[in-house]
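Visitor: The sequence shown: position 399 = 399 (UniProt numbering), numbered continuously.
Hints are supplied without guarantee of correctness; some may be wrong.
[What the hints assert, rightly or not] Think about it this way: if two alpha-carbon atoms lie no more than 27 angstroms apart in a straight line, the pair counts; the simulated DSSO-like pairs of lysine-lysine are:
id, residue 1, residue 2
1, Lys338, Lys405
2, Lys203, Lys183
3, Lys91, Lys203
4, Lys313, Lys324
5, Lys25, Lys91
What the hints contain is simulated information worked out from the structure, not anything from laboratory work.
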Amino acid sequence: MNTIYLDHNATSPPSKEHLSLLFTKISQCSGNPSSPHSVGRSASVAITEARRTIAQALGVDVAEILFVSGGSEADNLGITGVLRQTNIPLKEQHTVSTTIEHPAVREPLEYLNKSEGLNITWVKANEEGFVSLIDILKSINKNTTLITIMAANSEIGSIQSTKKLGDFLHFKRWGVLANPSDKNEFEELGQNLSEEVSNEILKKMHFHVDGVQAFGKLKIEEWFSPGVDSCAISAHKLGALQGIGALFLRRGRKFKPFILGGAQEKNRRAGTENLPGIVSFGLVTQELLSENWWEKIKQMDEFRNYLFQEISKISSVTLNSPQKNVLPNTINFSINEKGLRGEDLLVELDIKGICASSGSACSSGANLPSHVILALGKSIELAKNAVRISLSRNTTKDEIELALKSLRSYLIK
């Protein structure tokens, strides 16, 4: 039985072609990157090549890319590391985030709130999973040192206004417009800021973006901005190896390192680099720079739209994902009929060789209702019975049809 894998927001398995290319590449540079001899230097060069490729994909400087163990570590550095690098006690700092963030953002913030009194404003999402930019701006005060928002939600796929917020902050900080036509809109948006929030406060304030689900699925100009100060990305969401990610940290911004020891990553992240992971990340990102990658993303979006329309016809289902302004691969729905459960559907699909999930892979094993679905204002029952399907750029129409057939056989009685 062939497996139909539809859980790519959890992880996107590397292709055989990628693994073969990676093995060839690694066999040529298997030394310690810190060693001075030729084998070590070849490993160091391979890391530099990967760093350069990822920087090119984001449109940033090579020195602004820091390799870490994954998206969660990158988010923790962009949050806790940033908050701790000042001499201001956390109880005197204020952070703005949203009610639909990934646990890698939500958990460190809640920990700092409980342990050290960090002040947090959780901006609510609407019923479709979108957070109002105006509500975010109204939440900023003179003590705000950090805003942290995901570019796209991992469970329902809703795309947030990180691009517009970044461009707005860049304009307010430095008077520079990424798009001259935005001036009037940004001047109006600025009226939502408190009078106590000066441009100098905005310059000091840090804007972190969780870009883990957006990177590689959305073109960079759709979610990234010169006003973004740091950003977390992850390799295994793209079809590279697990256990490797990167933090973009804009030049001039600082964080307090977590892992101390050697001088790797310019004294910012000690420990021998994950060479296979980094090379894998670079190879997949090189693909991302090609037109072929984005042609496949376009096709994936068409498949998602078709799947969305077909699932919407099933009366025992309530759709949680929005129809528009959504990741081109993500559909989330809840079962609303008594006697049918999301957990049972996932088991039924698995028996038939179809892999889907109930939400974020970092928390779905806890058997708790999705905090994201609850944040949309939906019931605990709907949150417990949520199912997520996430496609890849290589998902086929035949796989979509087989998945639909299995969904209908369980959901339509």
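Visitor: With reference to the structure, classify each hint as holding or not holding.
Guide: Results for each hint:
Taking the CA atoms of lysine 338 and lysine 405, the gap is near 21 angstroms; set against the 27 angstroms cutoff, the hint holds. For the hint pairing lysine 203 with lysine 183, the CA-to-CA distance comes to about 19 angstroms; that is within 27 angstroms, so the pair holds. At most 27 angstroms may separate the alpha-carbon atoms for a hinted pair to count; lysine 91 and lysine 203 meet this at roughly 21 angstroms. With a CA separation close to 17 angstroms, the supplied pair lysine 313 and lysine 324 stays within the 27 angstroms bound.
Using a Cα cut-off of 27 angstroms, the hinted pair lysine 25 and lysine 91 is violated, with the two alpha carbons roughly 49 angstroms apart.
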